[in-house]
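Chemist: Input sequences plus hints: build the corresponding full structure.
Residue 1280 in this note's numbering is what sits at position 16 of the sequence shown, and the numbering runs on without skipping anything.
No lab work stands behind these hints: they were computed from the structure. A hint or two may mislead.
Below, in silico cross-link-like pairs of lysine-lysine (DSBU-like), each with a Cα-Cα straight-line distance of 35 Å or less [what the hints assert, rightly or not]:
#1 K1405 - K1420
#2 K1342 - K1405
#3 K1459 - K1369
#4 K1295 - K1342
#5 K1433 - K1405
#6 K1342 - K1275
#7 K1312 - K1420
#8 K1405 - K1312
Quick caveat: nothing in here was measured; it's all calculated off a predicted structure.
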Amino acid sequence: MSYHRVTDAPKRIIIIGAGMGGLATAARLAKRGHQVQIFEATNFVGGKCRTEWIEGFAFDTGPSLLTLPAVYRDLFLKTGKRIEHLLNIKPVDPAFTYIFHDGAKVVFPNLSHNNTVAAISAAFGDQAGQEWHQLLSRAEKMWDASRESFIESELKSPLQILKRKSFLKDLMTIAPTTSLRKLTTQHTNNPYLRKIIDRYATYT
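Modeler: Listed below in structure tokens is the structure:
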């Protein structure tokens, strides 16, 4: 597998798909002076980011919130304008309400780890709150290990990752061969927490 960097010489570039990735790529390339065309099979843009209305009820067909708004702020800044000048981004609070088959319920507040732990403790007991804290602490370590090298850096070659001094340590932290369910079970047997964590598998 080879990796090629797009040069600064203007090129005619075709992008297939007007989803969020296609639109973001097109904007960055156009900003660098390339002639960009996007081809989309449907009659709308945004990919999965849309809403279907059925009998007066709204159903999101894909992402319904921005979990990493900083990524979009960076995109808009580097392609011309601040995102706040074009879009009205509203914080969602509460972030989620989970209702289970037996009537159990927990409401997750937005942007507050401590308040989320408190909500879980109130709904399922102090042990569940502590287990959630441990799960999120592990997730934070995985995020720290993968953010710079896998998400924010331009991957020019696989050797770029292998040469990192922290490669083996990061690999053990990320645990790529461990399933999400197995990782969750290592920290909790609470059925409600396991179901909540299982939902995050949909992000893949």
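Chemist: For which of the previously enumerated hints does the structure constitute a violation, in increasing order of number?
Modeler: none
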